[in-house]
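Dock chain one against chain two, each of which comes alone in its own frame, and use the hints as you go.
Sequence order for the protein chains is V and Y.
Numbering of the first sequence is given in the numbering used here, commencing with residue 1 and proceeding in unit increments.
Numbering of the second sequence is given in the numbering used here, commencing with residue 1001 and proceeding in unit increments.
No lab work stands behind these hints: they were computed from the structure.
Treat each hint with caution, since some may be false.
[Said to hold, decoys possible] To give an idea of the interface, some chain V residues facing chain Y are shown, with a C-beta separation under 7 Å as derived from the structure:
no., residue
1, Gly108
2, Ala132
3, Glu136
4, Val146
5, Ala149
6, Thr150
7, His153
8, Asp183
9, Thr189
10, Ala190
[Stated by the list, open to error] Pulled from the structure, derived: some chain V residues nowhere near chain Y, Cβ distances all over 12 Å:
no., residue
11, Arg8
12, Thr79
13, Val98
14, Gly101
15, Asn122
16, Ala124
17, Arg195
Ideal placement from N, C-alpha and C gives every residue a C-beta, glycine not left out.
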Amino acid sequence: MGGPEVERLISLLAKLPGMGPRSARRAALRLLTEPETRMLPLAQALAEAARAVKPCGVCGNLDSLDPCAICADPHRDRTVICVVEGVGELWALERAQVHRGLYHVLGGTLSALGGVGPDDLNVAPLIARIEAGGVEEAILALGATVDGATTAHWLTDRLRPLGVRITRLAQGVPMGGALDILDDGTLATALRARRPV
Amino acid sequence: MRGGRGPARSAAATPRGLANPCRRHYVQGMDWQAPAVVLDARPFGEGDALAAVMTAEHGLHRGLARGGASRSGAAVWQAGNLLQVRWVARLSDQLGSFSGEMIHPGAAHAMDDALALAMLSAACAVAEGVLPEREPHPRAFEALVGLIANIPRGADMLTDLVRWEALLLADLGYGLDLEQCAVTGERAGLAFVSPRTGRAVTAAASGLWKDRLLPLPGFMVGANTAGPADWRDGLRLTGHFLARDAFGHLHRGLPQARLMLYDRVAAMAQDAESAAERPAAVPGEE
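Excised from the complex, chain Y in its bound form (with noise of 0.2 Å):
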């Protein structure tokens, strides 16, 4: 067994692969079995970790992980694995530690690519910033797992991340309203939302206060493409109400990995336009 002592050592209670992983857990008293993601470890002492994980029934819980700074369980207790984990404690609100095991080791396909480990971390991030601790968000925590098995797919995720992020603010209670036109009740054509309100309206319906207005991304309202400039806005949309609603509750701004995965799409949103700007070459002309 990789990153610390316990008993999930049978094949039964460690079972690989992704196929239904909120099926797999057993819960008794203050010891329980899930899937988790590790959305942060930090080094506690000199060999354990201060990790926090999400599960499907548990939500966001945090636990001391035995061995997950040392040198063999660093790997496991990396932000953005998969892993069956257990979580044992003698009372309900003590800290209790986690064993794991790796189910899809996240990190690593994610850590070649750029933009896929600042998708991993920003999502981790984002995670773990605004979840409230021993809450379930069961629907969250799925379609966090789907995005990170196909994270290394590359930046066509990035429609998944954002809708990922609607999901978690419709989950905190702070969802956007995107199905009709708050001003005319319109169901097509809806292009802006209001940055206080949270609800959609059409190009048509913007009028003078569409300067005002965050830009609407196709993909958000059915659309099946969506380039740079979409995922760029889409960010944008999800981070302003994740930053006033879910963090600024906290009194806390966007966490770094976030900022910096907004800047590196707003960069390749930027190239785009650039390169769509230049005129095209003629062939044998240079």
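Looking at chain V on its own, in the form it has when it is part of the complex (with noise of 0.2 Å):
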């Protein structure tokens, strides 16, 4: 279609989350009809951030600065330490602006039938964190899944020990959402979870 360096950059494009080869091409024509403009800043910032941006030392979010931003920040809780399953779950948190303590990603959740185990995920540096002090509660903010909740649990198992108050996200009724669309378990859950007025 327009040579071997088309080909190359709309086959690495469509290999991007929400990205098809149709999306691909359209994307690959705009960036090369505007190279000056489009192209070529898009290839520096690529550039710049593979070399500078990497996973925090404390918490695994990712930064150019280790530590990263928000476990350097002096005005954040220190007491508080929010378990997310990834970077994508602390980016939400922190859109949503409504934590001002701290993060860890734990790097995924255990999956019996995915091979994910124990020692797969970056809980021993969290472990340290609470050993290290000052740490008074830990929030578990993991999905709403079977594999969410399962390492839920064995993360509590294993943090209770250090007497840390552990405590995990609701599950409910979303904002805007009417009851007759919600789905069975998320009505189950919301009832169990029903709270005094």
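Structural data, given as structure tokens:
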């Protein structure tokens, strides 16, 4: 279509999340038609990010600083650590601006069928952070899936002897969610987690 | 409809409730509908999932659940959920695709309780690991549905889980012989099982071999009550034969979910035994 360079560009773009061959072709065409304003700045940004961004040695967040900007922020509440499955979940909580404490990225969840065991998760540094003192609460912000819940229960067993308060995110009716369109599982969980008003 | 595309939209095609789940199915060529327990669903691509389900008539069956890992479909395609599933393919040997609608959200009901979730995960992992594909095991399916429906009742369901594993072993051709003592022929007082033959023996007949035998919990031979030590022994018993015969012949070990369940129940038994050994507190004394 446009030579091997163009084909390679399209095939690499098509492997990105949210992209398929069709959208990759559209993106490649836009980049190729505006190389000075789109393609070269993008290439430069990609190269700089690949060189500079690394996992934070404390929490596992991706940042060009180590410790990351969140871990280094003196205004953060250092008594609360929010445990998340991945960096995507950390970014979601930061976007919401609802958590002012620190984070810890597990790097996945236990999965018996997927072959992910305790040794594959970033748990030992979390225990070391709590054992170092100063942490009063660990929030388990893991997904409401079988694997997420299994990981939360397993982590609870490991963290409870450390004397830290362990909490987890509530499950139930989402903002703007009408009851008649909710799935049965969410309704059951919401009803169990009801609270007095 | 949740959990994928498909025509199962009418009230008649999507019954709800757990009564007689095995009677609601139709089969027409490479297009069938049946109640099914989700045993596993792994993300495939961005929004789809490769699912393994168990049905009464089709046994363990795999397929592509369109939207099974998407924001709306992931809640449906969780291991332990009972769904009304439709499988469609052009040829019988194709993977085919699933669509499904919830009948009973077993995963959501078990998620809050660590032991219930461990039981659910272990049962699904064992079934997914040992059942041959597309071979019906209706007794094992019906027992699994009953188990999942009652798992939120808590530790008492460990009795049913161990019995279900023994039933699964029998269905696969590795049944235990717990009818009479292999040495004396007695039917009462059975206390151990030979780890080699799977046959029961009485305590009196076990003799010097007692330490090499597997303890047989009373609930496996008719007793109505069971405690943590019985559940631990039961899991050890069925786990031994699952590992040696069912998984061993596939050159695989017990699934991690099953090992984690055993560890949890063994810890429960140890706590119960420690509590029993402690002297009772005298009122008024600390």
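Against the structure, the hints come out as follows:
1. Gly108: 12 Å, violated
2. Ala132: 27 Å, violated
3. Glu136: 23 Å, violated
4. Val146: Result: holds, 5 Å to nearest chain Y Cβ.
5. Ala149: 4 Å, holds
6. Thr150: 6 Å, holds
7. His153: Holds - the Cβ of V:His153 comes within 7 Å of chain Y, reaching about 4 Å at its closest.
8. Asp183: Result: holds, 5 Å to nearest chain Y Cβ.
9. Thr189: Cβ of V:Thr189 sits 5 Å from chain Y, so the hint holds.
10. Ala190: 10 Å, violated
11. Arg8: For V:Arg8, whose nearest Cβ neighbour in chain Y is about 22 Å away, the distance exceeds 12 Å, so it holds.
12. Thr79: Consistent with the label, V:Thr79 stays out of reach of chain Y, its closest Cβ about 26 Å off (over 12 Å).
13. Val98: 20 Å, holds
14. Gly101: 24 Å, holds
15. Asn122: The assertion about V:Asn122 holds, with a minimum of 18 Å to chain Y.
16. Ala124: The assertion about V:Ala124 holds, with a minimum of 18 Å to chain Y.
17. Arg195: 15 Å, holds
Of the numbered hints stated above, those contradicted by the structure are hints 1, 2, 3 and 10, listed in ascending order.
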